[in-house]
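Enquirer: Sequence:
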Amino acid sequence: MDLAAWLLDAHRDLRTRLDRQVVQQVPTDRWHELADQGGSSISWIMLHLARHHDLALNTAIRNKAPLFMAHREALGLSSADTGAGVSEKEQPAVTAVLTAEPLMNYVDDVLAAGERWLQRISAMAFDSIPDTGRRLDRLAQLDRTQFDWLYSMWTGRTVNWFVQWPILGHGQSHVGEAISVRNRLGLSPF
38 MDLAAWLLDA
48 HRDLRTRLDR
58 QVVQQVPTDR
68 WHELADQGGS
78 SISWIMLHLA
88 RHHDLALNTA
98 IRNKAPLFMA
108 HREALGLSSA
118 DTGAGVSEKE
128 QPAVTAVLTA
138 EPLMNYVDDV
148 LAAGERWLQR
158 ISAMAFDSIP
168 DTGRRLDRLA
178 QLDRTQFDWL
188 YSMWTGRTVN
198 WFVQWPILGH
208 GQSHVGEAIS
218 VRNRLGLSPF
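This note's numbering puts the first residue of the sequence shown at 38, with every later residue one more than the last.
Please keep in mind that the hints were generated in silico from the structure rather than gathered at the bench.
As the structure is a computational prediction, the values presented were derived from the model and not from experiment.
If a hint is listed, it holds; no wrong ones were tucked in.
Computed spacing ranges between beta-carbons, pair by pair:
{"id": "1", "residue 1": "GLN178", "residue 2": "ASP39", "range": "33 to 41 Å"}
{"id": "2", "residue 1": "ASP164", "residue 2": "ASN220", "range": "35 to 43 Å"}
{"id": "3", "residue 1": "GLY76", "residue 2": "ARG99", "range": "27 to 35 Å"}
The C-beta atom is built at its ideal place from N, Cα and C for all residues, glycine as well.
Take these sequences, add in the hints, and give me the full structure.
Expert: Here you go:
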């Protein structure tokens with residue numbers, strides 16, 4: 038099996054698991070619920086997953102503004118901080134304005150962009166090191182002080198690392214978290 042095919046398959050698995058195990062199993066009117074009165078809601082997990090995937094792929098790797106910028110208004114976040122959804126800890130004021138359709142449109146656009154990019158990536162690109170800090174400043178308009186942990190984690194990393202962690206690993210981790218929330222909400226299909 039070639040690497041490109043494997044990565045594309047792993048990305049498609051992420052998208053399929055999110056859809057089949059979370060989106061199709063949890064009614065949208067329950068996406069804001071906190072299981073056991075703690076942790077993160079489905080809405081937050083999906084926004085957070087998409088934000089990291091978007092920043093890694095579109096901003097760090099491709100040197101483009103994150104798709105979030107085009108979706109902010111529809112998400113109800115036009116007046117929110119440009120870092121909305123980036124932190125692990127749920128921001129109740131952000132989650133409160135999210136509705137299912139615009140959130141799914143954003144998540145779908147981000148994952149579709151990832152799939153398109155993976156279909157045409159050259160193996161030679163994996164060893165390159167993008168100018169992540171500058172791109173996050175200029176294109177994502179993130180506050181370096183607020184997100185110093187992200188800048189320090191992502192600076193000096195290769196494209197290969199971005200694919201392995203923020204795009205695939207981080208995504209799969211949060212899909213697993215969302216499945217756990219689904220189960221704790223009493224919605225396990227098993």
